[in-house]
Amino acid sequence: MSTNLDIKVKHLTRVEGHGNIVVNMKEGVLEKAQLEIVEAPRYFEAMLKGRSFHEAAIVTSRICGICSLGHQIASLKATEDALGLEVSWQTIQLRKLLTHGATLQSNILHAYFLAAPDFLNVGSVFPLIGTHPEVVVRALRMKRLANDMGDVIGGRAVHPITCVPGGFTRIPTAEELLELKRKLVEEMVPDFLATVDTMAALAGAIPQFERETEFISLRSDDEYALYDGDICSTDTGTVDDHEYRKMTNEHVVTHSSSKHCKANRSSYMVGALARFNNNHDKLCDAAKDAAEKLGLKPGCCNPYMNTIAQVVEAGHCALDSVAIIDQLLEAGLKDEQPNQEPTRFGTGIGATEVPRGILYHEYTYDRQGRMVKANCIIPTGQNLANIDDDMKKLVPEFIEKSKEEITLMLEMLVRAYDPCISCSVHMLDVDFIE
Amino acid sequence: MANKPRVAIFDFTGCEGCELNKLNFENELLDILAHVDIVEWREAMDDRVDEYDIAFVEGSLSTPDCIERIHEVRRKCKVLVSLGSCATLGGINAMKNIQPIEEVREEVYGEDKYLFPTLPALPLSAVVKVDYEVRGCPMTQIEFLKLFTALVRGQEPVKPDYAVCIECKLKENECVYEKGMICLGPVTMAGCDAHCPSFGQYCTGCRGLVTDANIAGMEEILVKHGLSVDEARKRLQLYNVNQLEGVQK
Chain E
1 MSTNLDIKVK HLTRVEGHGN IVVNMKEGVL EKAQLEIVEA PRYFEAMLKG
51 RSFHEAAIVT SRICGICSLG HQIASLKATE DALGLEVSWQ TIQLRKLLTH
101 GATLQSNILH AYFLAAPDFL NVGSVFPLIG THPEVVVRAL RMKRLANDMG
151 DVIGGRAVHP ITCVPGGFTR IPTAEELLEL KRKLVEEMVP DFLATVDTMA
201 ALAGAIPQFE RETEFISLRS DDEYALYDGD ICSTDTGTVD DHEYRKMTNE
251 HVVTHSSSKH CKANRSSYMV GALARFNNNH DKLCDAAKDA AEKLGLKPGC
301 CNPYMNTIAQ VVEAGHCALD SVAIIDQLLE AGLKDEQPNQ EPTRFGTGIG
351 ATEVPRGILY HEYTYDRQGR MVKANCIIPT GQNLANIDDD MKKLVPEFIE
401 KSKEEITLML EMLVRAYDPC ISCSVHMLDV DFIE
Chain A
1001 MANKPRVAIF DFTGCEGCEL NKLNFENELL DILAHVDIVE WREAMDDRVD
1051 EYDIAFVEGS LSTPDCIERI HEVRRKCKVL VSLGSCATLG GINAMKNIQP
1101 IEEVREEVYG EDKYLFPTLP ALPLSAVVKV DYEVRGCPMT QIEFLKLFTA
1151 LVRGQEPVKP DYAVCIECKL KENECVYEKG MICLGPVTMA GCDAHCPSFG
1201 QYCTGCRGLV TDANIAGMEE ILVKHGLSVD EARKRLQLYN VNQLEGVQK
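These protein sequence lines map, in sequence, to chains E and A.
Taking this note's numbering, I'd label the letters of the first sequence as residues 1 to 434.
Taking this note's numbering, I'd label the letters of the second sequence as residues 1001 to 1249.
Hint data in this document are derived by calculation from the structure and do not stem from the laboratory.
Since the structure is predicted, the reported quantities are computational estimates derived from the model, not experimental observations.
Check each hint, because a few of them may be wrong.
These stretches of chain E come out as covered by chain A in the derived footprint (C-beta under 8 Å, 3 or more residues) [stated by the list, open to error]:
id, stretch
1, 57-64
2, 121-135
3, 374-380
Quick reminder that beta carbons are idealized off the backbone N, C-alpha and C, glycines included.
The whole structure should be built from the sequences, with the hints applied where relevant.
Here's what the structure looks like:
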């Protein structure tokens, strides 16, 4: 490779949304290495203003089809915090089950359909139907079951119906939960173990590249934090989720219609690898075993390993779902109505882990329960600065390789973050009035 | 249509949930693939091609680049199908259309508002000819499969033009209004099998209005059930700004 390099990948494939990779090196000096976000702005702030608290989660769910459940959860938590709505133990357990289902679905989709083709040198999952049919069928079966969890509890997996402020519009029956449990135990767990073997065989294709950075995720004393927790940074420890603005510092950059974020350094990483690094001790045993088998250790600084962390989490979600179903059935399902009588009108925060990382919604309501202000900070937006910093280290490090090889490494790097560009370009407000 | 139609899938301004619902055909995906060649789909594959028989398009048009790209898609395809509320109606994105655009942009980007161009969110049919549509937010898999099967077989797809209430009654659901909630079922185009009311939620109108919907009557019912006049209009606008306010379509 010469010391001049000019890479432009327009509308990167196998990611959610529209982004370009731009790298420019002249006589050995890196002039530019960045991910341009060219997704059309959505302007959700304009859509939410003046709307009833009943509609907030319906609207914000549409920020992203892939993360729709996560947006609903963050939205409901923000609304409930702002309006003083208490929710029951049963509601929280059902939401945790939905979160597990959505995480499983998304992690499996990414590992098998979006990332694995790179490890096998093909352009999509479709050629694999001919060459590796049993693996594709397994991936589809796992995805179907994960979506079944959303269908049964949420009414549908994409833009769920039953999750509303204060609870659920429909409680699943014991028979439905038992059937989910049976499928999780009889199908999902063996499929997960087979997935670990498949990924272990492919792991050699994961590039060896490391860059020390700050990892931020939720953290809870009670469990592997997904639904709820405090904000935890590898640099500065934990803070309450109401302090989220200090940990995000959103700002506009010219090459991206999605804003960038920073906390204690120029960039930080969120997502499966950040969760694994911060919460490894809370994983179930089968997930810990999988991590060991796949060579993933706490403190891992190789962003490409995010895909492996997603696989490890899939196992945790499957097994923890079985435990939650057991607890729900033991307590007995109650036909509760959602609690929708506000006890105050003010500002509230909802922080939750979605597959791509920590998601924040913050809402302010007036005395009629209508939205005055909204702010959402999206995982992919938080990762963008980290991706740019990775590229700036990666390109000079691998400059001896061909342009094609470097381009593929950069594409794989962006895909490893499993970016969700629709989400990151949701466009809520910048200037929150404190 | 000739054997093994060449299919391409595109996304414009939206959440990609309709596309995701296609990847969620876990049980049927392999059968679908046996009947068509998917030749271009950015979200799932690397290939890009110059022509195809059927283009499935998700998302509304909201930037100058979108307008250029949809013309290109139209030139390259024989049949164009809009998928979901955004592509068919403008969808939830269109809510910004009734607000002063400079204020909307400033609210989000502040003084950097001119960095990112934007237009009113339009349905595909406002810019190019659309041959068929699948409604819903997200589009339902059953409707997609029905349309897909009809196209592959060369049949004319059947499209309902009656209210969600009819499907809801056929399912023997308790009327949502009986539960003390409001519902947009009476003016919303059917085809979803009254999915939301069947799960205890009200119809939000995601499928667009039936032909000749009685909007004044609907607003009267909403107000009678406790909403203010302003709130009633807002609820109706959620997915139907372009239809109701005459911005487009």
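Here's how the hints hold up against the structure:
no. : hint    : result
1   : 57-64   : holds (count 5)
2   : 121-135 : holds (count 5)
3   : 374-380 : violated (count 0)
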